[in-house]
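**Student:** As given, the protein sequences belong to chains X and S, one line each in that order. For what it's worth, the working numbering labels the leading residue of the first sequence as 1, then goes sequentially. For what it's worth, the working numbering labels the leading residue of the second sequence as 1, then goes sequentially.
Check each hint, because a few of them may be wrong.
[To be verified] Quick list of the computed label-pair ranges, beta carbon to beta carbon:
1) S:173 <-> X:60: 39 to 49 Å
2) X:78 <-> S:401: 51 to 61 Å
3) X:83 <-> S:25: 31 to 41 Å
Read the hints as simulated data drawn from the structure, not as lab findings. Glycine included, every Cβ here is placed at the ideal spot set by N, Cα and C.
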Amino acid sequence: MKKTIKQYILENLLFTEDESAIQDNDSFLDGGIIDSTGVMEIILFIEETFGIRVNDDEMLPANLDSVDNLIAFVQSKQAQAVAA
Amino acid sequence: MSRLLQNTLLTTAARHPDRTALIAGDVRMSYQEVKDYACRLAHALRTRGVRRGDRVAIFMDNTWQCALSIYGVLLADGVFVVINAQTKRDKLAFILGDSNARVLLSEPNLLRVFGPVAEQLPTLRVLCAGGIGTLSADMESLDNALTDMPTTPPPQSAISLDLASLIYTSGSTGEPKGVMHTHQSMLFALQSLVEYLRLDGTDRLLCVLPLAFDYGLYQWLMTVYTGSALVLERSFTYPAQVLNVMETEGVTVFPGVPTIFAMLLAAHERQPLCFENVRRVTNTAAALPANFNTRLREIFPNADIYRMYGLTECKRVSYLPPEQIERKPESVGIAIPGTEVMVLDDAGQPVKPGEVGTLYVRGSHVMLGYWNQPEKSAHMLKPGSLPGERLLCTHDLFTVDEDGYLYFIGRTDDIIKSRGEKISPLEVETVLYGIQGIREAVVLGIPDLLLGQAVIAFVSVMENSDLSEGRIKKLCGDKLEAFMVPKYVTILPELPKSANNKTDKKALTAMLS
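This is chain S alone, in the form it adopts within the complex (with noise of 0.2 Å):
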């Protein structure tokens, strides 16, 4: 029985060291080749300085080495904090600022971002994947660092109420917030979600998402508790490739964002495709349309289609059986096994079935809090009935039919989903307001067939400038992840106002119908 979150990795690696367990481009790499780089990662991490609950950053693509550095660093009896590569400089630092890391790991493509921002924080280490040729002094070269470490774990103290991760995630006041979760908290996820994927040794699984992204880090901790292969791609963006790669390592889970299915759709009507070996696909992080469930059919004719709806303050919440699709094609299902879902009205009743009311989500897989952030968990976290207990208020407004299925309604925040993304106006307005000559902006989410919402942007400038539309786009792809820069943006002699002279977004978002 694992108590810990790397015990899954050392298990494996000693019940099947020659498994396959990670393929990412032309490396593939075996149970035994994965537990001997995280360990030789772990000497390293502790002889840098790493003590139990020290966070270590993984700044780096859906590389292998990001990868392994995860259980690298829980090894060390670190906590992670994966962070997207495509994160800029100004919120990388905040990143790095507000869990305190002590290492960041990262890699060469990624120097001109990261290299500006390590050299503000002293007493961060740096440890550079690959080529050393253009590290600065301060910076080691990871390949390094392991050589001659032992491949044996480390003695370890940590225990299962111990933080395992940070995961970095936006909300509606603009910065991103560290969601805690525990050992504890990662194993019960992890195995409930095995548990209802019905996954075995067998699976192959594909991740083309973030490992930054609770979604894309599931693949992987999934893949090592159950001891089978992970395929990892940097991404979608070049669908041929995956499809390619899915085909020819006989990949069994597919797991895709709306918008990566509305891909697939528009390839699969270009030129039909057809995958007979995966065995499950699943969606979440926005709703899918109910009418992909039988389309996707076409494309995976012996899959088993799930649908459901999580937020990585619980990393998961809820899964629509596979056999219920027919009867319940709009559902995103049922609790996850071993938790409770409830649909509460504002006096903390359940609602009857058909009426609107806020899910709260109750289960060891709720996190701990946001990091640093008593006021924000507060908002999240609220007593349950036991002492001491807390449950989850999700703010998304959910019913449930007469059987107990959940049906997504809304949300309660502003927040935009694009490409299943969150994304908050608010930090993208921020961003416009930093851009010289603009005087008032004004970010919203609109519908779009392939990212589910798209970001528009209104703004007005100042009398004397020349800030066209694209530059605007250009200066917010230079602060912002380039799913958050907005696709739209307006420039209008005077944004619109209510009453008491705050920017109208309801007259806005009527122009816009």
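This is chain X alone, in the form it adopts within the complex (with noise of 0.2 Å):
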């Protein structure tokens, strides 16, 4: 998962193969990497991906502003699926 989340990330906000140009912790805020239409593209392409379902209350960067936040998430939601 993390490195389909990555190379996503790399791919289409970073247009780069480059696996160091970002950390896994870093901030697509902080980067200036990302704006608001970025976020939906990611929203859709966990969606597609993952076989989530993003709320739109989830829409946060807790959730969704680094490589490693997205992972976070994305287990969370998925192991929300299995329990219920």
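Please dock the two separately framed chains into a single complex, following the hints provided.
**Tutor:** Here is the structure:
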């Protein structure tokens, strides 16, 4: 999952294949690499790739603003789906 | 009566010292605290050589330091220049050089951008907010600079005709231009805005727009003027965060651009939203589709919705009184209080209702001109009927109806409006031509549901080049703010040419449709 997410971020936000271009805990906002339409695209990507549904009230930096945050968020959504 | 912009802060702080002025994340500041910080910064700037009329650049994200620095610079008798935090090195260097800024105020997040630029400008003093560990020897910690500085304003010698701000804006010629506004023009605009928006000290204004953009900046200026509170957010990037803060802080004024409203409406369709506290919703920067008027009512049932039109060169031109929105859902209304607008034909005569003409603006809110750009200033400022008077020619096409209400028809230049931001195709093309391997480049705007217009680049590449579309976007992103980076890049074997061998934009536009 980490590889898929990181690859998506590199290709679609940073337009590079260089893995060192971003650290896993780097904030997308601080790095100036994201804006509101970028967030929408990330959400569509994780919804389609991991079969989850992101609610509007989950569109928070804590869930979406770094590679690490995205991984933790997708994992918790998947765990919820299994439990439900 | 305030003659200088900063006096609005001193007056409000004297009247309501304990009232909340600013909420930015975990930081809440009273008017007393805002005033004290701004005064300390003013002294710190003075002791670093800032004199009346000197430009001080503020290169910061939407942080509390950015908001307070604006008043600190003014209290030092300086001219503030807020630079969008997304700005990349080359453009930052251009703005710092063009404005001949004496001091740069910035923050550690942006060190990677301003660091190399500042090294090339030995006379520039740099003050950096926050941690000092990473700073090089010729940069100072802003926090350290403020210690021991007095919290009373330094003596001021500026008068109302002096510059208060340079606001850099994209132009069709590629390089940004510094719009010169005096204390007088800004105070006048401020009072007019507060009057028609019917703001008072009980309001809480939301600002998700950059303070470098005059629409964002004036939210803060109006807050201080009325003694209300500003809820400052970095952006609308994470809508849920902003919507939570709106609810908990009881926001009453929601200023947005069509892209933000489109996102709100999309979210509303997924899960209904309702903000009963919001009393005013405002739109400018790009035309609000008329069907948004009624749909936004569902989200803001108690709000007046203001459709407005403006340009940085005079801050704001017109607004539709909210009572008229049902009768004239497409209109951007009438001149803001105390100003006048005219739609004139090529002979300079007022057009008849329904005919298209160019919009001219008359009032004390009109800019002095562009900094160091007499020719470009003359292109925008035309002689008025009184000796010495200047009218602002917007170069935008409008019609008026029988009641004198304005309707935007289109632009006469090729500026692209995306997310409410102005984008010069030439500026993007210049960056594209700077990329090794690109032979030809043309940049156009295409209609986009969310963005208004999206940027599309058509390029042809050298034979031995292995440039990909993604790689081109990345290289653009190194030089351009994110909103200017082409959303689409199309590589063609060759770009179509017109008869005189110029690249044929019309043929490319036709290809798109």
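**Student:** Against this structure, judge whether each hint is valid.
**Tutor:** Hints and how they fare:
| no. | hint | result |
| --- | --- | --- |
| 1 | S:173 <-> X:60: 39 to 49 Å | holds, 41 Å |
| 2 | X:78 <-> S:401: 51 to 61 Å | holds, 56 Å |
| 3 | X:83 <-> S:25: 31 to 41 Å | holds, 33 Å |
No hint from the list above goes unmet by this structure.
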